[in-house]
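Enquirer: Read off the chains here:
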Amino acid sequence: ELKVEQNPLFLSMQEGKNYTIYCNYSTTSDRLYWYRQDPGKSLESLFVLLSNGAVKQEGRLMASLDTKARLSTLHITAAVHDLSATYFCAVGETSGSRLTFGEGTQLTVNP
Amino acid sequence: DTEVTQTPKHLVMGMTNKKSLKCEQHMGHRAMYWYKQKAKKPPELMFVYSYEKLSINESVPSRFSPECPNSSLLNLHLHALQPEDSALYLCASSTRQMNTGELFFGEGSRLTVL
Chain Y
1 ELKVEQNPLF
11 LSMQEGKNYT
21 IYCNYSTTSD
31 RLYWYRQDPG
41 KSLESLFVLL
51 SNGAVKQEGR
61 LMASLDTKAR
71 LSTLHITAAV
81 HDLSATYFCA
91 VGETSGSRLT
101 FGEGTQLTVN
111 P
Chain S
1 DTEVTQTPKH
11 LVMGMTNKKS
21 LKCEQHMGHR
31 AMYWYKQKAK
41 KPPELMFVYS
51 YEKLSINESV
61 PSRFSPECPN
71 SSLLNLHLHA
81 LQPEDSALYL
91 CASSTRQMNT
101 GELFFGEGSR
111 LTVL
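Chains as they are written, first to last, in our numbering: chain Y, 1 to 111; chain S, 1 to 114.
Since the hints were derived computationally from the structure, they do not count as laboratory data. Nothing here was measured: the structure is a model prediction, and the numbers come from that model. Please note: incorrect hints may appear among the correct ones.
[Said to hold, decoys possible] Keeping only pairs whose Cα atoms sit at most 30 Å apart, straight-line, the calculated DSSO-like set for lysine-lysine is:
id, chain 1, residue 1, chain 2, residue 2
1, S, Lys9, S, Lys22
2, Y, Lys41, S, Lys9
3, S, Lys18, Y, Lys41
4, S, Lys40, Y, Lys56
5, S, Lys41, Y, Lys56
6, S, Lys36, Y, Lys41
7, S, Lys36, Y, Lys56
8, S, Lys18, Y, Lys3
9, S, Lys38, Y, Lys41
10, S, Lys19, S, Lys53
11, S, Lys9, S, Lys53
12, Y, Lys56, Y, Lys3
13, Y, Lys3, S, Lys41
14, S, Lys40, S, Lys18
15, Y, Lys41, S, Lys53
16, Y, Lys56, Y, Lys68
17, S, Lys19, Y, Lys17
18, S, Lys18, S, Lys36
19, S, Lys53, S, Lys41
20, Y, Lys3, S, Lys40
21, S, Lys36, S, Lys9
22, S, Lys40, Y, Lys41
23, S, Lys41, Y, Lys17
24, Y, Lys41, S, Lys22
25, S, Lys40, S, Lys22
26, S, Lys41, S, Lys19
27, Y, Lys41, S, Lys19
28, S, Lys18, S, Lys38
29, Y, Lys68, S, Lys41
30, S, Lys36, Y, Lys3
31, S, Lys9, S, Lys40
32, S, Lys41, Y, Lys41
33, Y, Lys3, Y, Lys68
34, Y, Lys3, S, Lys53
Using the sequences and the accompanying hints, generate a full structural model.
Expert: In structure tokens:
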């Protein structure tokens, strides 16, 4: 059974600081997704990582995937208040159509 | 157009009611999904339809009944629900059942069961 662990689960940071969210998974996969969810809203796709060594950047967020270590990271650079949200990583099974989500990281960026 | 549209956005129902949630996408995606999300928890997969056929049922109670009338529409029929079924119900679609493409989520239907 595929297990996905995110840490930290809660992150409070100051504007302007950098931080990294980690996503570990238990079995082989080459598909990993990062989503953002604002309170009471749906999930917004941030990044799709489909190969070992994949790195994608959008604004202050950068995501990477190391399939050998079964690890993805979401790096936040110079955080701003607008980044406050819950971030989920999700891992696709190698065969099959299930997507297993991590527990989510609730990020709060304080002025 | 990269939208998945869900209706209604909010629904309150009693335990004896019958209601339906609706989902529509016009992206030509052939895989559609229902997820359930409780507060401060990740989404949990309920059903997957691939090419309008039910391909995954994650042991969901029969009081939830999915239906895929055509490639653009997905319904979730609700009957005799329990208060613990109150949650955000998310519809999603993707380009392929095998999830090589990203999931596009609708805004969700927030369900309250009294």
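Enquirer: Compare the structure with each hint and give your call.
Expert: Hint check results:
1. Between the alpha carbons of Lys9 of chain S and Lys22 of chain S the distance comes to roughly 10 Å, so the proposed pair stays at or under 30 Å and holds.
2. Proposed proximity of Lys41 of chain Y and Lys9 of chain S is supported: the alpha carbons are some 11 Å apart, at most 30 Å.
3. Among the hinted pairs, Lys18 of chain S with Lys41 of chain Y is consistent with the structure: their alpha-carbon atoms are about 25 Å apart, no more than 30 Å.
4. Using a Cα cut-off of 30 Å, the hinted pair Lys40 of chain S and Lys56 of chain Y holds, with the two alpha carbons roughly 27 Å apart.
5. Proximity of Lys41 of chain S to Lys56 of chain Y is assessed by CA-CA distance (about 26 Å); at most 30 Å being required, the pair is judged to hold.
6. Note on Lys36 of chain S and Lys41 of chain Y: the hinted pairing holds, with a Cα-Cα distance of about 13 Å set against a maximum of 30 Å.
7. Distance check on the hinted pair: Lys36 of chain S and Lys56 of chain Y sit about 29 Å apart at the alpha-carbon level, within 30 Å; holds.
8. A hinted pair counts as satisfied when its Cα atoms are at most 30 Å apart, and Lys18 of chain S with Lys3 of chain Y does not qualify at roughly 35 Å.
9. At roughly 12 Å between alpha-carbon atoms, Lys38 of chain S and Lys41 of chain Y fall within 30 Å of each other, so this suggested pair holds.
10. For the hint pairing Lys19 of chain S with Lys53 of chain S, the CA-to-CA distance comes to about 22 Å; that is within 30 Å, so the pair holds.
11. Restraint check for Lys9 of chain S and Lys53 of chain S: the C-alpha separation of about 26 Å stays at or below 30 Å, so the hint holds.
12. Under the criterion of a C-alpha separation no larger than 30 Å, the hint pairing Lys56 of chain Y with Lys3 of chain Y is consistent with the structure, at around 23 Å.
13. Between Lys3 of chain Y and Lys41 of chain S the alpha-carbon distance is near 15 Å, which keeps this suggested pair within the 30 Å criterion.
14. For the given pair, Lys40 of chain S sits about 27 Å from Lys18 of chain S by alpha-carbon distance, which is consistent with the 30 Å threshold.
15. A C-alpha spacing of about 28 Å is found between Lys41 of chain Y and Lys53 of chain S, which places the hinted pair at or below 30 Å, so the restraint holds.
16. Using a Cα cut-off of 30 Å, the hinted pair Lys56 of chain Y and Lys68 of chain Y holds, with the two alpha carbons roughly 18 Å apart.
17. Simply put, Lys19 of chain S and Lys17 of chain Y have alpha-carbon atoms about 47 Å apart, too far for the 30 Å limit, and the pair is violated.
18. At most 30 Å may separate the alpha-carbon atoms for a hinted pair to count; Lys18 of chain S and Lys36 of chain S meet this at roughly 18 Å.
19. Our distance criterion of 30 Å between C-alpha atoms is met by Lys53 of chain S and Lys41 of chain S, whose separation comes to about 28 Å.
20. Taking the CA atoms of Lys3 of chain Y and Lys40 of chain S, the gap is about 18 Å. The hint holds against a cut of 30 Å.
21. The straight-line distance between the Cα atoms of Lys36 of chain S and Lys9 of chain S is roughly 14 Å, inside the 30 Å bound, and the hint therefore holds.
22. Straight-line distance between C-alpha atoms of Lys40 of chain S and Lys41 of chain Y comes to about 12 Å, which keeps the hinted pair within the 30 Å bound.
23. Of the pairs offered as hints, the one joining Lys41 of chain S and Lys17 of chain Y holds, with about 27 Å between alpha carbons and a cut-off of 30 Å not exceeded.
24. In summary, the hint linking Lys41 of chain Y to Lys22 of chain S is supported, as the alpha carbons are separated by about 17 Å, within the 30 Å threshold.
25. A C-alpha spacing of about 24 Å is found between Lys40 of chain S and Lys22 of chain S, which places the hinted pair at or below 30 Å, so the restraint holds.
26. A hinted pair counts as satisfied when its Cα atoms are at most 30 Å apart, and Lys41 of chain S with Lys19 of chain S qualifies at roughly 25 Å.
27. For the hint linking Lys41 of chain Y to Lys19 of chain S, the alpha-carbon distance of about 22 Å falls within 30 Å, and the restraint holds.
28. Taken as a hint, the Lys18 of chain S and Lys38 of chain S pair is honoured in the structure, with Cα atoms around 21 Å apart against an allowance of 30 Å.
29. As the CA atoms of Lys68 of chain Y and Lys41 of chain S are separated by approximately 28 Å, the hinted pair is consistent with the 30 Å bound.
30. For the proposed pair Lys36 of chain S and Lys3 of chain Y, the alpha carbon gap of about 18 Å is at most 30 Å, so the pair holds.
31. At most 30 Å may separate the alpha-carbon atoms for a hinted pair to count; Lys9 of chain S and Lys40 of chain S meet this at roughly 19 Å.
32. Proximity of Lys41 of chain S to Lys41 of chain Y is assessed by CA-CA distance (about 13 Å); at most 30 Å being required, the pair is judged to hold.
33. For the hint pairing Lys3 of chain Y with Lys68 of chain Y, the CA-to-CA distance comes to about 16 Å; that is within 30 Å, so the pair holds.
34. Among the hinted pairs, Lys3 of chain Y with Lys53 of chain S is consistent with the structure: their alpha-carbon atoms are about 27 Å apart, no more than 30 Å.
Comparing the model with each earlier hint shows violations of hints 8, 17; every other hint is respected.
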